[in-house]
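Read top to bottom, the protein sequences are chains A and B. Just so we're aligned, residue 1 is where the first sequence starts under UniProt numbering, counting upward by one. Just so we're aligned, residue 1 is where the second sequence starts under UniProt numbering, counting upward by one.
A portion of the hints provided could be inaccurate.
[Claimed, not checked] Negatives, chain A to chain B, calculated, CB over 12 Å:
{"id": "1", "residue": "C53"}
{"id": "2", "residue": "L70"}
{"id": "3", "residue": "E143"}
{"id": "4", "residue": "G213"}
{"id": "5", "residue": "G284"}
{"id": "6", "residue": "R375"}
{"id": "7", "residue": "R378"}
[Stated by the list, open to error] Simulated crosslink set (SDA-like; lysine to any residue; CA at most 25 Å straight-line):
{"id": "8", "chain 1": "A", "residue 1": "K342", "chain 2": "B", "residue 2": "A257"}
{"id": "9", "chain 1": "A", "residue 1": "K342", "chain 2": "B", "residue 2": "V259"}
{"id": "10", "chain 1": "A", "residue 1": "K201", "chain 2": "A", "residue 2": "P241"}
Rather than coming from a laboratory, the hints here were simulated on the basis of the structure. Cβ coordinates follow ideal geometry from the N, Cα and C atoms, glycine included.
There are 2 protein chains.
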Amino acid sequence: MSQTVTDFEVHDIRFPTSEQLDGSDAMNTDPDYSAAYVVLGTDTGGAQGHGFCFTIGRGNDVMAAAIETLRTHLVGRPVPRDAAALGALYRELTHDSQLRWLGPEKGVMHMAAGAVVNAAWDLAAKLAGQPVWQFLAGMTPQELVSLVDFRYLTDALTPDEALALLRAAEPGRAERTERLLAEGYPAYTTSPGWLGYDDDKLVRLAEEAVADGFTQIKLKVGADLDDDIRRLALARTAVGPGIRIAVDANQRWDVAAAVEWMRALAPYDPYWIEEPTSPDDVLGHAAVRAGQPVKVATGEHVANRVVFKQLLQADAVDFVQIDAARVAGVNENLAILLLAAKYGVPVCPHAGGVGLCELVQHLSMFDYVAVSGSREDRVIEYVDHLHEHFADPVVIRDGHYVAPRTPGFSARMLPDSIAAHIYPRGPVWQARLTAEETH
Amino acid sequence: MSQTVTDFEVHDIRFPTSEQLDGSDAMNTDPDYSAAYVVLGTDTGGAQGHGFCFTIGRGNDVMAAAIETLRTHLVGRPVPRDAAALGALYRELTHDSQLRWLGPEKGVMHMAAGAVVNAAWDLAAKLAGQPVWQFLAGMTPQELVSLVDFRYLTDALTPDEALALLRAAEPGRAERTERLLAEGYPAYTTSPGWLGYDDDKLVRLAEEAVADGFTQIKLKVGADLDDDIRRLALARTAVGPGIRIAVDANQRWDVAAAVEWMRALAPYDPYWIEEPTSPDDVLGHAAVRAGQPVKVATGEHVANRVVFKQLLQADAVDFVQIDAARVAGVNENLAILLLAAKYGVPVCPHAGGVGLCELVQHLSMFDYVAVSGSREDRVIEYVDHLHEHFADPVVIRDGHYVAPRTPGFSARMLPDSIAAHIYPRGPVWQARLTAEETH
Chain A
1 MSQTVTDFEV HDIRFPTSEQ LDGSDAMNTD PDYSAAYVVL GTDTGGAQGH GFCFTIGRGN
61 DVMAAAIETL RTHLVGRPVP RDAAALGALY RELTHDSQLR WLGPEKGVMH MAAGAVVNAA
121 WDLAAKLAGQ PVWQFLAGMT PQELVSLVDF RYLTDALTPD EALALLRAAE PGRAERTERL
181 LAEGYPAYTT SPGWLGYDDD KLVRLAEEAV ADGFTQIKLK VGADLDDDIR RLALARTAVG
241 PGIRIAVDAN QRWDVAAAVE WMRALAPYDP YWIEEPTSPD DVLGHAAVRA GQPVKVATGE
301 HVANRVVFKQ LLQADAVDFV QIDAARVAGV NENLAILLLA AKYGVPVCPH AGGVGLCELV
361 QHLSMFDYVA VSGSREDRVI EYVDHLHEHF ADPVVIRDGH YVAPRTPGFS ARMLPDSIAA
421 HIYPRGPVWQ ARLTAEETH
Chain B
1 MSQTVTDFEV HDIRFPTSEQ LDGSDAMNTD PDYSAAYVVL GTDTGGAQGH GFCFTIGRGN
61 DVMAAAIETL RTHLVGRPVP RDAAALGALY RELTHDSQLR WLGPEKGVMH MAAGAVVNAA
121 WDLAAKLAGQ PVWQFLAGMT PQELVSLVDF RYLTDALTPD EALALLRAAE PGRAERTERL
181 LAEGYPAYTT SPGWLGYDDD KLVRLAEEAV ADGFTQIKLK VGADLDDDIR RLALARTAVG
241 PGIRIAVDAN QRWDVAAAVE WMRALAPYDP YWIEEPTSPD DVLGHAAVRA GQPVKVATGE
301 HVANRVVFKQ LLQADAVDFV QIDAARVAGV NENLAILLLA AKYGVPVCPH AGGVGLCELV
361 QHLSMFDYVA VSGSREDRVI EYVDHLHEHF ADPVVIRDGH YVAPRTPGFS ARMLPDSIAA
421 HIYPRGPVWQ ARLTAEETH
């Protein structure tokens, strides 16, 4: 049977979330959560692969244009179904020398490669009849190592070291898979903490989070210190002393400001400070970590495996926050999971946005089964927005992600949702743009 | 008189340079040198501002799309003519929170901001009747400091420190301007060293470079060690012992490979090793610098001022290689010049490509007059390609850049060159694409 990629559709999909200030923080005050979305079509019984990048509005068209440049690497080529083909595709997309110039391996072009790589994983896992986490966890250590691009990593992690890590985790795979299916994977929620929410909404949502079984919440900070102290104190009162409250500055500070601000918040026992400064600033994160008592987390805007490598080499972070759609897809995130395991640093993914929870749960679950072998001090972010647009949305039960059983990467958006939110010609946007013109 | 930006034209311009292997190196084997080009039109007596990003072919359309997203920040707004307005424009373009998500401050979106910022500088300098280097060098230290975004820099350089540096250089400005106009600024040439050239062409071009007055040349390395040794030995014989031969690996190696390779080349006395590894790898560059005897240079792919800051903090480089069109324009390069001056590291710009020599000469000349105050151990790269397409091309005399006297940023491409090379509908490409189809 011929198995060929026959189609490559790209959509600019945007949700008008800025109207409710969902997702508002100290740096991102009016986001319209968006996805540059790609669908790989095949001649294999109608099987499709779905992938996307997450953006916050303007520029989503640039992402769509970047994804378009990758079309010729897919259409007319065999469907990548195994580790060898998925490794080759990832290398081809990130090593296209003309496109690499636009990064290299960062920003728009790198995220576009990630969307396409992830779509290929969605397709391959569907054809294998497994959710991505289980498809990955069924690969041999050698196959997993072959998926990784070790270029620029070998001063921190060699292929042999990666193989040894994966082999050490091999014996417990079956048992951990069972436990994962029975218990799920711990989650924390950011839903109470957006900066645009008033105090009453913050307290109400914090109380609801505890009632729903979450043992960790997160608040946005960094716009005003007095506000942050008041909000953190209110949240602490609402949830009690046993619940972890992480705080997130979304890159707001320079090193000295981060140190000073976090010393002021430390009495309210924040669990971690996330993105205290520029995601490019490895040495800055190390200085922040050394200069104040709160643990440091970052990663949602870290451009690639080379920067993650350095954050680990420099003892700059206590938690690695991978994002499923910022780097070049499953393959590069596997490299980051391996680096974190080598350095013994827990991975606590960034999620939220559009479909990021759906994707990243697979990576953490795979990490538990086949890489780190642990859920200790590990939590996946959960935000309760926009899941209704997905065909296989995440399921949260008692503060845990329930392991998905549907084949694929949980990445398929519902056709009606896509049609309604295409920018600018979908009906959701036509109504708004017409209203603006009338104003 | 009303002074408003009234027009914002964007062009996808490509040159079929891959046919001659000009620009070929260990990572970029078949570049088609390209520019995503923006023209700001005004109602001010027909004055225009010209700016661009440089790419090597595919993806130039993505850059053009990224530049397009910035249109609304310019059109209908007052023409930015002074430090206050040029500082405000730069901040507005790089702090647009929705677009910032696509970086932040790196890759496609950041280069697009740079193209537009540089076009604004071209326009402002023209209206001031000065070349950009002199327009900048005529600003007060306070005005120059106001152009910089110190966010994420203050652990290495505060506004007060920058002000002190600029004030210390103030007394000699007039004398250095005279010397610059009389003597020019030292250049080195990469023209002999492209990997796609055979040994005869290498030797011939190296001899010509010395005859033309250059005291430094550069060779591409990194594809094959035996070839590199042979080529470096040939070049050394051709130019003699008194000429500096820099080598450039274009990010080819991991840390250990870079150390090993450069130890093997060291007997042939290479002057610097450029881009030994990933431009994101601050700690890697520091390890390469510590592990072998050759000086280390990097910067043409360094994403932003935050990474340059760390390269300096970590003692990772001997030379800072700014690029006029990789970061967010004149303003961000001013930050990098100030950082380099603070750390006492010479700036030796990357150039070549399309129009990069034309732009970056202004920054080095300004640096000499008003920031570092020195030309010692400083050279601007020169490549003798594609200058014929510019209205005010660089002039090289006896191995030196002659200081431009035409108002603006030397960024204007000739209308006929633009029309011929628009991709894909310009005649140069129509002929090629038709020939490909016929094949």
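Hint-by-hint comparison with the structure:
Distance check on A/C53: its Cβ comes as close as 9 Å (rounded) to a Cβ of chain B, failing to clear the 12 Å threshold; non-interface status is violated. Look at A/L70: its CB is around 10 Å from the nearest CB on chain B, not clear of 12 Å, so calling it non-interface is violated. No Cβ of chain B comes within 12 Å of the Cβ of A/E143; the nearest lies about 23 Å off, and the non-interface call holds. With a closest Cβ-Cβ approach of about 31 Å to chain B, A/G213 is found to remain outside the 12 Å limit, as its non-interface label requires.
Against the 12 Å criterion, A/G284 falls within the reach of chain B, whose nearest CB is about 6 Å from its own CB. For A/R375, the condition that its CB be more than 12 Å from all CB atoms of chain B holds, with the nearest at approximately 30 Å. Every C-beta of chain B lies more than 12 Å from that of A/R378, the closest at about 26 Å, which supports listing it as non-interface. About 22 Å separates the Cα atoms of A/K342 and B/A257, which keeps this hinted pair within 25 Å; it holds.
For the proposed pair A/K342 and B/V259, the alpha carbon gap of about 24 Å is at most 25 Å, so the pair holds. Pair hint A/K201 plus A/P241 holds up; C-alpha atoms about 20 Å apart against a cutoff of 25 Å.
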